[in-house]
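Enquirer: In the order they appear, the protein sequences are chains A and B.
For the first sequence, this note's numbering gives the first residue as 1, with consecutive numbering after it.
For the second sequence, this note's numbering gives the first residue as 1, with consecutive numbering after it.
Among the hints, erroneous ones may be present.
To be verified - Here are some of the chain A residues that sit facing chain B, going by a computed Cβ distance under 7 Å:
{"id": "1", "residue": "Asn12"}
{"id": "2", "residue": "Val110"}
{"id": "3", "residue": "Ser130"}
Unchecked claim - Far from chain B, some chain A residues (derived; all Cβ distances over 12 Å):
{"id": "4", "residue": "Val32"}
{"id": "5", "residue": "Gln57"}
{"id": "6", "residue": "Ala66"}
{"id": "7", "residue": "Ile132"}
{"id": "8", "residue": "Ile147"}
Hints are computed from structural coordinates only; laboratory data are not their basis.
Note that CB positions come from ideal geometry on N, CA and C, so glycine has one too.
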Amino acid sequence: MTPVSFDLQLLNLCAALLLLLSFAMLAQRRIVTLVNLLALQGALLLAATLLLAWRTQQHHLYISAALTLALKVILLPWLLHRLIRRLQVYRDTEPLLNIPGTLLIGVLVVVFSFGLAQPISALASTATRSAIGIAVAVVLLSFVTMINRRKAMSQVVGFLSMENGLFFGAMSATYGMPMIVELGVGLDVLVAVLVLGVFFFQIREQFDSLDLHHLEALKEPSSTRPAAEDR
Amino acid sequence: MKLLEVLTQLIEIIAALAVAPVFLGWVNQCRAWLQNRSAPSLLLPYRNIRKLFHKDAVIATNASPLFRLAPYIVFGAMVTAAGIIPSMGTDLLFTNAADAIALVGLFATARVFISLAAMDIGTAFGSLGARREMMVGFLAEPALLMVVFVASLISATTALPAITESLGTRDLGLYPSLAFTAVAFTMVLLAENARIPIDNPSTHLELTMIHEAMLLEYSARHLALMEWASALKLFNYATIGFALFVPWGVSTAEGGPAALMASVPLLLAKLAIAGAALAVLETLSAKLRVFRAPEFLAMAFLLAVLGLLVHLLLGA
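The following block holds chain A by itself, in its conformation from the complex (with noise of 0.2 Å):
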């Protein structure tokens, strides 16, 4: 094996623990460790940008870099924790699939995502092409955290951390996207981030809850009505 140069050893050191973070975020049941483990996953986002910046000089990585810090590691959190206390919901319940059983289909995850990612990183030409299937699982993982959560907060730091792996993806893969592409996700997210908030409020105003499958039945007040005058 070749001596593998130390930042590119910290790279991959990065990529390996989002790869556990998004684990992390698959078993958690608490909703305040899950946006710090949010958080944490931005920071780590920011150490590899910062890495790979001052690897390739390439100056507009350190814009990025910025943008990763002041929304993914401070903005975002911050608005999320101003959400949970005001919502008071710190536990999500029982998930769809047991904790052990989650873990089990992340792993199987895992290995689809890297067999997947093999023509890619075949194709790329950067030096960190090895991580993108390490992007694309924890992309997926994100889609997995989604699925199995009931709570409308858990969910939205799924997709949260599913846009950290877009953009882990697009750096390992091509040295990051076009500057303008990355401010207009970053605007998205945040306005997506702004806008769910005000429906966490409707939603819980409708049902007194954000159990997401109160929203499964598309029937309008016929179906429910019954149900509520029996209380």
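Assemble the complex: chain A is given as a structure, and chain B must be docked to it using the hints.
Expert: For chain B alone, coordinates are given in the frame of chain A:
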């Protein structure tokens, strides 16, 4: 250098037999200090074993020969395992016969016999302990195998001395896969040796004990052998950990007797640090409910598999 091989092998086994009870005593001492109790003597496990050897054995009337035989088999398996693990030198006589997978098999043999013996008498506690032990064992074993596989993949061999040699001589670097598997291995060590998150070694409370429940029917020399075997098991796990994750300072064939002698104090230093770390870990964590044990071990398995995948993908 046939002589050196025999010498290394002999020293390793004798050192394992001698040091294992002291290591257990050291862990207990550290735990007592951390919990503000006055610590028991370092030699307490020795005195315990000596006391037990001097007593007369009492055996239940309906015990089968298996019950009398089990302590010797368990003890034998642990001593053999100590002979395979390169704790001080990689130049071992036994290694042509058994590799890391056989080592996991030896642990499994000991587990099966200890559980069978526990169920042999037919008391409720015995079978309760045996069932729990098997549950923990069947979840911990794949995790342990995965840990071994990661190390074998990196060094392209399943023989433990060769793994130690190749890991110890490569240039320093960050290996996320090894870091993940080290955490997984620590979790397996805690579960397999009846340490705190899974089982409390100092409890005799009926509803929570696992390992102690299986030994309730044993007395005198049989109990002494069982306790010595469990001390050896802890020692073996610690030395497997050193062989995989801190392989520096283990003497190789070229080193000769001088390197072998130099590796003895190094092993003692490693054991002292590992024992203190184990005590800290045990004091910091609370015992899990039995039904949470699968979650804990699924975590360990997951970490080991992640280590494997990360190694395959990133080559690190």
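Enquirer: The structure should be examined with respect to each hint, and the outcome stated for every one.
Expert: How the hints compare with the structure:
Taken as an interface hint, A/Asn12 checks out: its beta carbon lies about 5 Å from the nearest beta carbon of chain B, inside 7 Å. Hint status for A/Val110: holds, given a least beta-carbon distance of 6 Å to chain B, under 7 Å. The beta carbon of A/Ser130 is positioned within 7 Å of a beta carbon in chain B (closest approach about 5 Å), and the interface hint is therefore held. Against chain B, the non-interface label of A/Val32 holds: every CB pair exceeds 12 Å, the least being about 20 Å.
Non-interface status of A/Gln57 relative to chain B is upheld: no Cβ of that chain comes within 12 Å, the nearest being about 23 Å off. Every Cβ of chain B is farther than 12 Å from the Cβ of A/Ala66; the closest lies at roughly 26 Å, confirming the non-interface assignment. The claim that A/Ile132 lies off the interface is violated: its Cβ sits roughly 9 Å from the closest Cβ of chain B, which falls inside the 12 Å cut-off. No beta-carbon of chain B is positioned within 12 Å of the beta-carbon of A/Ile147; the least distance is around 19 Å.
Violated hint for the displayed structure: number 7, the only one.
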